[in-house]
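Undergrad: Model the full structure from these sequences, guided by the hints.
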Amino acid sequence: MSQAPAAALLARTLWFVLAATSGAGIAHAQPTSSDEAVQWLGRIYKATQDLSYSGTFVYQQGEHSETSRIVRRVGEHGSVEKLEVLDGAPREVLRTDDAVKCYLPGRRTVKVDRQRHQRAFPALLPEQIGALEQNYVISKGEITRVAGYVCQAVLLTPKDDLRYGYKLWADARTGMLLKAVTLDEKGKPIEQFTFTQLAIGPVPASEVQPPQTPASWHVENADVTPLDLEATGWSVSPDIPGFKKVIEVKRRLHQTRQVDQVVYSDGLAAVSVFIEPESDGDKLQRMGLSSMGAINIYTRRVAHHLVTVVGETPARSVRRIADTVQFRAPK
Amino acid sequence: MKAKISMLMDDELDDGELAGVLAALSAPGEARTAWRTYHLIRDALRGDGALATDIAASTGARLALEPTVLAPQRERRSPARTRWVALSAAASVAAVALVGWLALAPRPGGDAVMGGPIAQAPQTPAVVPVKEKALQRVPLPSAADDYLLAHQGYSPRLTLQGVAPYIRTVSDEAVQSGGQ
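Chains as they are written, first to last, in my numbering: chain D, 102 to 432; chain Z, 215 to 394.
These are computed hints drawn from the structure, not numbers from a lab.
Don't take every hint at face value.
[As the list claims (entries may be wrong)] Residues on chain D that point at chain Z, a partial pick, calculated with CB under 10 Å: (1) Thr149; (2) Val350; (3) Ser373; (4) Thr409; (5) Gly412.
Glycine is no exception: its CB is placed at the ideal position from the N, C-alpha and C atoms.
TA: Below you can see the structure in the form of structure tokens.
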């Protein structure tokens, strides 16, 4: 009969171990953000909007890494960015001020994400950078070189375990972001973007031309339109500090299906909730959590609908948001 | 039914299925026993201290009789598992209870957890950097790229990093399978 106390003891020990591990990230949080570090974030923001550049970066996630070429050209009519994957199957992404197009030659498909009714891509505005301090401690790190540039490191340490931490390296001269690492609650890197070569300065228009696509390619238009989710009977009520609703839209996904999308963000990380009627094909879809780098995806069924929550946050936040999705037939 | 009870405890049961489960629980029987057992396990793990000696023993014995409690371990290949194993030597009953708890972890898909034969095991283990206990690990949805593309446009990361994060949405097949 000595097994029962042992069981309870072990249970407590385990509970303690779990609690201690999950809390480790918060325990050593620095007290306050430094104004200088916040200003550095502002400089990175400004450089991202203002600069033209071309370079090569490596995206790394777990064991996997992929090299891409990236070009950004700021012209009289706005900016154009082009991302070209150099490893594996060729793929390209072209981003202008109002649309994103993904060219997938393997599938002879172009995916187009364009929004007519509202500002296409809600940006992190300079005045919102200060608001990040509510959820992150922003501090300066070391000065080091990345791809030949002398960089200032900036750390964003989360104040809870509901979001990831970040370490950013910015060119000391221009503010251009040379390296970005996403860190889990233990401070372990889970995803990384690093420039290996970069030239800052004017870029010829020929560098950002869209690829030639034969007429036989499929064009998948997202057809994004505004949405009032609540009026449809659905509700999402995330109780994650700092996460506010950014946008609600209806869009076409997987070529044919209408999907509702609601996006929440704390100013740095974003989480999307997708709600769509369940089809026969979805019966095979397994419910639960899947991950890719810093992205977590949690799927569950609610009232014969498929709810898919996608976010660059820890699994617990993605799931917590998914769990609040409810349907009540509108009266 | 047991899978549904487990889902109910985790508030993951569809409204449509709720009535059936509640009806089964309203009368004494297997369902109600399972309901009680699962709560005991949960309490034990939380160290609530409500665990009476004889109940713990009977819970352990009950779980030991479950033929398939080991099946879900195919999903758990995190260092956390090593920890379980290392500690399990301490108490056999507790070890059984823990494994049972893993087996009873939320199965939102409603898989026949308890009835699933161990032979299901051959599944590509995922390479996932983030570990989250008690969450059912599944392969990426087939439309993961579509969701990511739709999501990415709203991420404030873009304003700090330009188009680079879109690399995630056009990942190679290799990345896809790596995340499974």
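Undergrad: Hint by hint, note whether the structure agrees.
TA: Do the hints match the structure? See the list:
{"no.": "1", "hint": "Thr149", "verdict": "holds (6 Å)"}
{"no.": "2", "hint": "Val350", "verdict": "holds (9 Å)"}
{"no.": "3", "hint": "Ser373", "verdict": "holds (4 Å)"}
{"no.": "4", "hint": "Thr409", "verdict": "holds (6 Å)"}
{"no.": "5", "hint": "Gly412", "verdict": "holds (8 Å)"}
Against the hints set out earlier in the document, no violation occurs for any number.
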